[in-house]
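Chemist: Take 5 as the starting number for the sequence shown in the numbering used here and just add one per residue.
Hints are not guaranteed to be accurate.
Distance condition first, Cα-Cα at most 25 Å in a straight line; then the derived PhoX-like pairs of lysine-lysine [unchecked claim]:
{"#": "1", "residue 1": "K86", "residue 2": "K169"}
{"#": "2", "residue 1": "K86", "residue 2": "K123"}
{"#": "3", "residue 1": "K126", "residue 2": "K31"}
{"#": "4", "residue 1": "K35", "residue 2": "K23"}
{"#": "5", "residue 1": "K108", "residue 2": "K161"}
{"#": "6", "residue 1": "K63", "residue 2": "K39"}
{"#": "7", "residue 1": "K100", "residue 2": "K126"}
{"#": "8", "residue 1": "K160", "residue 2": "K39"}
{"#": "9", "residue 1": "K91", "residue 2": "K35"}
{"#": "10", "residue 1": "K14", "residue 2": "K161"}
{"#": "11", "residue 1": "K69", "residue 2": "K131"}
{"#": "12", "residue 1": "K26", "residue 2": "K161"}
{"#": "13", "residue 1": "K115", "residue 2": "K22"}
{"#": "14", "residue 1": "K147", "residue 2": "K14"}
{"#": "15", "residue 1": "K131", "residue 2": "K176"}
{"#": "16", "residue 1": "K91", "residue 2": "K69"}
{"#": "17", "residue 1": "K39", "residue 2": "K108"}
{"#": "18", "residue 1": "K160", "residue 2": "K100"}
{"#": "19", "residue 1": "K14", "residue 2": "K115"}
{"#": "20", "residue 1": "K108", "residue 2": "K14"}
{"#": "21", "residue 1": "K126", "residue 2": "K69"}
{"#": "22", "residue 1": "K131", "residue 2": "K160"}
{"#": "23", "residue 1": "K161", "residue 2": "K147"}
{"#": "24", "residue 1": "K126", "residue 2": "K115"}
{"#": "25", "residue 1": "K63", "residue 2": "K161"}
{"#": "26", "residue 1": "K23", "residue 2": "K86"}
{"#": "27", "residue 1": "K169", "residue 2": "K14"}
{"#": "28", "residue 1": "K123", "residue 2": "K100"}
{"#": "29", "residue 1": "K131", "residue 2": "K26"}
{"#": "30", "residue 1": "K123", "residue 2": "K147"}
{"#": "31", "residue 1": "K39", "residue 2": "K126"}
{"#": "32", "residue 1": "K35", "residue 2": "K115"}
{"#": "33", "residue 1": "K35", "residue 2": "K14"}
{"#": "34", "residue 1": "K160", "residue 2": "K35"}
{"#": "35", "residue 1": "K115", "residue 2": "K176"}
{"#": "36", "residue 1": "K26", "residue 2": "K147"}
Read the hints as simulated data drawn from the structure, not as lab findings.
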Amino acid sequence: MSIETETKFKIDSPVTMKKRLKSIGAKFLSKNIEKDIYYRPQSYHEAGLAIRFRTIGDKGTFTVKSSLRKRLRKSAAFKIRKELEVKVADAKNFEKMLQILGFKPVFRKEKSRETYSWKNTKITIDKLPFIGNYSEIEGPRGKIIEAANLLGLDMKKAISDTYMKLLDDYRKGPAHAEIPL
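Please model the entire structure based on the sequences and the hints provided.
Modeler: Here it is, written out as structure tokens:
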């Protein structure tokens, strides 16, 4: 099990962010389309629990995230959770297994993600339908703050909400009620 600490920022230009990443010496790792399905078991009680199955092509990663003690869980800028992940070689069969076990899909999202590494951090440029472009920084708090400053990102504008919440907030807007989950 690991502890995940991350924050995200709304960005105007992925091209500008790529230039900034290059200027600080960040290393390009990958570019993928990630398809996430979030599940709830038949009996669901714990707030803050996220059960996600992410696919890239025909491979997958099954992730369970849970809250830490209340004082450590969330700040205005950072989201901090326990995280367990396992790689899955056959995404289609694993998804069928989850449903047979009683896990119900409750939310789907797809994003284009470019991933970079810099000084013990993972930095992404994400493009999501409807809500636009974001950069997510994951790593130790001090390195997140350092990376954000070097990339010209204002920590006062850091977002600790999940993409699921941002998409849900957008969907709940009066002009967007028809957007499917």
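Chemist: Given the hint that K39 pairs with K126, does the C-alpha gap stay at or below 25 Å?
Modeler: 19 Å, holds
Chemist: Given the hinted pair K23 and K86, is their Cα-Cα distance within 25 Å?
Modeler: Not OK: K23 and K86 at ~32 Å, beyond 25 Å, violated.
Chemist: Please work out if K160 and K100 have their alpha carbons no farther apart than 25 Å.
Modeler: 42 Å, violated
Chemist: Run the distance test for K63 versus K39: straight-line Cα separation, threshold 25 Å.
Modeler: With a Cα-Cα distance of about 11 Å, the restraint between K63 and K39 holds, given a limit of 25 Å.
Chemist: Are K14 and K161 close enough, with their CA atoms no more than 25 Å apart?
Modeler: Satisfied, since the Cα-Cα distance of roughly 8 Å is no more than 25 Å.
Chemist: Holds or violated: are the alpha carbons of K91 and K35 at most 25 Å from each other?
Modeler: With a Cα-Cα distance of about 18 Å, the restraint between K91 and K35 holds, given a limit of 25 Å.
Chemist: Hinted pair, alpha-carbon criterion (25 Å max): K63, K161. Please report holds or violated.
Modeler: 34 Å, violated
Chemist: Holds or violated: K26 and K161, Cα atoms, limit 25 Å.
Modeler: Holds, because 22 Å separates the two Cα atoms, which is no more than 25 Å.
Chemist: Hey, K123 versus K147, does the alpha-carbon distance stay inside 25 Å?
Modeler: The hint holds at about 7 Å.
Chemist: Measure nothing beyond the straight line between the CA atoms of K86 and K169; if it is 25 Å or shorter, mark the hint as holding.
Modeler: Status holds; Cα separation ~19 Å.
Chemist: Between K131 and K160, is the straight-line Cα distance small enough, at 25 Å or below?
Modeler: Holds. K131 to K160 sits at ~22 Å (cutoff 25 Å).
Chemist: With the threshold set at 25 Å, check whether the alpha-carbon distance from K35 to K115 stays at or below it.
Modeler: Satisfied, since the Cα-Cα distance of roughly 11 Å is no more than 25 Å.
In summary, the structure is inconsistent with hints 5, 7, 8, 18, 20, 25, 26, 28 and 34 from the numbered list given earlier, while agreeing with the others.
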